[in-house]
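**Student:** Spelled out from the first residue to the last, the chains are:
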Amino acid sequence: MSTAPLRLVSADERGVQLPSAATLPSIGTEVQLKALLSGLSGVDAVGAEARTAKLATRSLKKSTKLAAIDLAISMVDLTTLEGADTPSRVTSLCIKAMRPDPNDLSVPSAAAVCVYPDLVAHARAVLGTSSVAVASVATAFPSGRASLNVKLLDVREAVSAGANEIDMVIDRGAFLSGRVGQVLEEVVAVKEACGEAHLKVILETGELVTYDNVRKASWIAMLGGADFIKTSTGKVTVNATLPTALVMLEAVRDFGELTGRLVGVKVAGGIRTTKDALRYLVVVNETAGSAWLTSERFRFGASSLLNDLLMQRLKQRLGVYVRPDEFSGD
Amino acid sequence: MSGELTHSSLGSMSYDPAPESAAIARLKPEYGLFIDGAFTDPSSHQQFLTLNPATEEPLASVALASSEDVDHAVLSSRRAYDKVWSKTTGAERSKYLFRIARLIQERSREFAVVETLDNGKPIRESRDVDIPLAAAHFFYYAGWADKLDHAGFGPNPKPLGVAGQIIPWNFPLLMAAWKLAPALAAGNTCVLKPAETTPLSALLLAEILQQAELPEGVVNIVTGDGSTGSALVEHAGVDKIAFTGSTDVGRLIQQRVATSHKHLTLELGGKGANIVFEDAPIDEMIEGIIDGIFFNQGHVCCAGSRLLVQETVADEVLRRLIRRVDQLRVGDPMDKNTDVGAINSAAQLARIKELTAYGEQEGATRYTSSCSLPDKGYWFAPTVFADVAQSHRIAREEIFGPVLSVLTFRTPEEAVAKANNSNYGLACGVWSEKGSRTLWVAERLRAGVIWANTYNKFDPTSPFGGVRESGFGREGGRHGLEAYLNV
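Chains as they are written, first to last, in my numbering: chain R, 66 to 395; chain H, 11 to 497.
Just chain H, with the same shape it has in the complex (with noise of 0.2 Å):
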């Protein structure tokens, strides 16, 4: 009938490559640290490669710092602090948060390119998400700078002193953005460690801050892997950690620190659950499912991975979500065009893998696109699963990939049990028209950030975090000040 063949031709016009050229990202084929204002040599420190994961070839070889260097990077945040940055006022420091977000408007495209090319994702979505959302929470933060005494935390709230910050690799130049804007507002001195496999666009952002010259050990960044990421969280003099990436780390991280006098927040994993009434706007409805867990190549922690879809639209949305899923452009990244991108390490793929196969045995129904994958690099078709279990593991673990989980609910009741049956706490989305039972339904979970009729939208203004496992401590907003005052 002609159901299947508008199926099998939905989005079949093909697109001829429509490729970002790669000489924008300008790389160096080496990178030292930033330290006081200026990069190390790079020769001495000991060096590793970052790859691009969608060709594995290696992009530049990056500096692993010691804990000496992690020594000398926070030495060189305090003497910032007590010198200079504690002594210059909010107006001061609002103008080179301006300046900072200027340049990175200025030099969008550049992100854009490193981004993709050091992460994997789309450059659609670095050029059109990830770079103009760093931007806005500088220019977000700048505002605020000077305003701190009607932030809500009484008159003259005081900044903590040195933050250390781990971001993780799913957007890197992004989550720099929301450690450094409200930290740097709040009149703190950071120093920032990117994660392993995506440095490069932290570095080129050492570049920003040189241009805009933000003086020398305001913000310091190093380079390096889980060492380096252990060095900074032990060190002394450090007044305050905020980390984002895995629940595992978040852990051993805060039990590091509970002895000690550091100021923590954290930001961790999530299995956020996308609930779908039977009245939800449908066309709309799948689109904000493909967003939930597409969007990154489901690289969120925020991810609307699982999926509690009402019985009585079930087979509807499943079939009309699998042919939208088949509809998804897999593939070169830096194709204008490509709206799933290459999972960003082998470890992850790895661990991507390992989780779908526990999906298979424990008896979902997995449904994987048709689309075709690239030879080389590190790839996994967009998958979903059906007849999923609140038991099954593929239920339950952050599998951190494109890969949606679908359930069924009968009541709202129901819906929100299922929802807030999972360990994690950090977004859900709640589809219908009806208002009432939204709010009825979001008073419930118990989730940090609640979408309704819409999912992995962000903005500076809005307070992002989580509860119970996915963590503490907000970021944008008024809010994310309050994690880096001594309030």
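Pulled out of the complex, with its shape left as it was, chain R reads as follows (with noise of 0.2 Å):
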């Protein structure tokens, strides 16, 4: 496998948009990426940690708050992936991805709803040609354990059915035996599958462990074509967390200077509240800085975050806390 040609080498020729070959080192076999990846400077773990947790202590007030808060609405992609998810379920959040708030017009949308392909056409209806988009987990969610053909027919099936982005999950399994080849070969298929709907590239960090796995994998999802690189699926024990944003926002900040392409980050698993939320956002402003403060490049995939902005939001605004039962659940 090592000095095997992966097929990214012809991926130009399938109109794969890669990174421009100045910038960057011919990546045509599993050694050369291999080789690349281990050029890529090393984490340390505790001072990840502490830097996060200081900015952490970062406070946000009055408008500056207020605009974080609207921001960070406009970033959601609200999200429903159970077993038990209906139609009306879906036309439920389609309803308040549009409009999260109905007594307040100001409040902007939220950037997409996240479901699983059978319910993007479903969901792709109700939203119709508003601006909120639909995005849909696909590649055998959330485990990956499907072959390359399945999984490149659920992006398939998800895409003609409506969607407009596509969160697909790596192959752990792959990544962590160290056939690194074979994890980016399956998003430059995938990213081919998509066509024009956008690639998120799930990383399961909770899987990877290691921070040091978390910047490679975010290096082959990003050489492979990804729009956005994701954090978690949000079904395994540790989902998103400050350290691991950092460090992908730190790959995605070298690869755009680079190579000019700004890759997106998706944060995904255990957001629920503002405070956790604007903590992400002062990350990302201090990371990545503000070319990514958009939700073209950054995101939140969560439920219950979406109805605390709202409700502190209207606490900025009025200076009290509304019942919780003023929005709706989704």
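Simulated from the structure, these hints should not be mistaken for lab results. Heads up, a few of these hints could be off.
To be verified - Straight-line alpha carbon distances no greater than 25 Å define the calculated PhoX-like cross-link-like pairs of lysine-lysine that follow:
#1 Lys340/R x Lys346/H
#2 Lys346/H x Lys130/R
#3 Lys340/R x Lys126/R
#4 Lys99/R x Lys444/H
Claimed, not checked - Computed list of chain R residues with no C-beta within reach of chain H, every gap over 12 Å:
#5 Pro152
#6 Leu218
#7 His263
#8 Lys380
#9 Arg382
Ideal Cβ placement from N, Cα and C applies to all residues, glycine included.
Once you've looked at the hints, go ahead and assemble the two chains, each given alone in its own frame, into the complex.
**Tutor:** As structure tokens, then:
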């Protein structure tokens, strides 16, 4: 395997947008990929965690807080990924995404609604021509344990049903056993299957465990053509954390400087409060910079977060908290 | 290209002011001295003003202790030693220290505000570093007070007697804690002399000592200027001098006590080398360099003020470093989002300006943060000098400000040689993912403290102190007891 050429060599011919060859070493084989990955700087876990702990003490007040809350609302991928999902629940979610607070039309709409592939068509129909995108998990989400053909079919069906964004999972088994070429090939193949749809690559950082792995997986995903790199499925014990987001934001910043292509970051799983969301925005601001402070480049995969953002938004305006029931459950 | 885009936008989201309330400090207009467990009448002393360095406005009027006042303080400490403290068991002393530690924690917000107003350091640092560490020192030495037999100095080690302790302005309360906690745990009584420009947190600590019902005279606090410190050093009733401050003053003190019975420990200046190898974890290393030199405006004796970077990564490190320096939030120390506060005094600001001017004259390449500075107060924008040579003054003299000198090296041998080519020897940092190299370098560095893949981390359990012109004696840890025991 190690010397076998990767499909990436012909990726350009297949029309996949790849980083410019001038700024990146050519990666034709897994050996070259491994060389690039091992050339990445290590992450000192203590230092990375200390950095985010420090950033978490930033104090956002007044107009900054209001602006940050609105920004966070616009970055929410309102998500439901349960076996028990129903069309009516998805309808409710879509309406909420388009108009998060029916009493206040100045509240921005959410970025997307994120559902399983079988509910994409329904979501598409409800959302119509609104600015809210339909995102669909695919590639045998959340485990990714299926053949490549099955994964690609999963993606194509979601796209043809109207998904604007595909959230794929990487093959963690391949990554952890060192078959990084296979991980890259899959990302490239899924990107191709996405066509016009944006590709978010879920690293499932809770299963990668180390920050060094998170950095390497981030680079593989970006090299493979990811439009976004995403922390987690929300289906494992450890989901998004601030230090993980920090490492991924450093990766997209460095990749952007090297190639000119700015890749987005999506944090998902366990982000429930406005306080959490604002901490992520501070880390975005101070790590990748303001170019990432847009729903084009940063997203929250969440469900209950939206209501807390709405409640804190009203608190900022009215000076008092409203009852949680003021806002619809999704 | 996009590199420009991300460079210019990093950290550019504006944060509305988030100021801590100055009223929390509850400052009095005038302060007396703390002698024999009570404050003296302010009007019975000559007074001097202590300023807020961020605004140049006076905060309070403080007593300038005369040599007569110092005499009273020393006699009070002597009485307390003879009659009370030397007869107080370790377990009893421990109780007082625990009480002081808890009271500092309880009033930590008040302490943080006082410290930031008087010193100019960001409230985030006084809140998250200075005050919690000060409390931690009292907690730590509280644990030692009844275990001195097991500290490794033989059975029943004896205290020295009355300790005269002179502390600097850069970490006012923390340095008071570093001095008082081990001295009291070991059974000494103390006369503490805070720095001229930052007396207020020590006076607040005096209130805590009253609250803790520490027997009168066990700690006396005399505010004042150099003449006060000099009187304390000269006083025949003092058994021990502990000084933290500049090497010049330390040298004078050592000369003065040379012919006396007095014990001495000195914690003096430094010109710490932060050594970066090409395999260092780059993002954390950049943060470490920033913390190393811009923490507390660089008013840190162990600051990593010389960056020694391996030539292969020098350009990359400098590029990232400058981008990060530009991102530092400089301004109102009371704002919770401020990273770099005010320079502590006009005199210190003048010294920083003088030395940085030499840096330019001698041909180093200067980079200064584009941050805007407030109109009033003492301010200096974070500055990095590249292309610095070993012979430049900015590579040799302690600037004690937010100024970093960057030098390069090619081999580990060269890094060690350059790092050791200094009169100082307080602290160094080594950044590498390769443990064997870190240890190889650390073994050869002449410095009291070596940090690996971090910088400016303090803990009461860890001894701190220098070699060569950075002084002698250790503070913190079991070693810190030795400075206050007759062993």
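**Student:** So, for every hint listed, does it hold in this structure?
**Tutor:** Comparing the hints with the structure gives:
{"no.": "1", "hint": "Lys340/R x Lys346/H", "verdict": "16 Å, holds"}
{"no.": "2", "hint": "Lys346/H x Lys130/R", "verdict": "14 Å, holds"}
{"no.": "3", "hint": "Lys340/R x Lys126/R", "verdict": "12 Å, holds"}
{"no.": "4", "hint": "Lys99/R x Lys444/H", "verdict": "20 Å, holds"}
{"no.": "5", "hint": "Pro152", "verdict": "39 Å, holds"}
{"no.": "6", "hint": "Leu218", "verdict": "35 Å, holds"}
{"no.": "7", "hint": "His263", "verdict": "19 Å, holds"}
{"no.": "8", "hint": "Lys380", "verdict": "16 Å, holds"}
{"no.": "9", "hint": "Arg382", "verdict": "15 Å, holds"}
Checked against the numbered hints given earlier, the structure satisfies every one of them.
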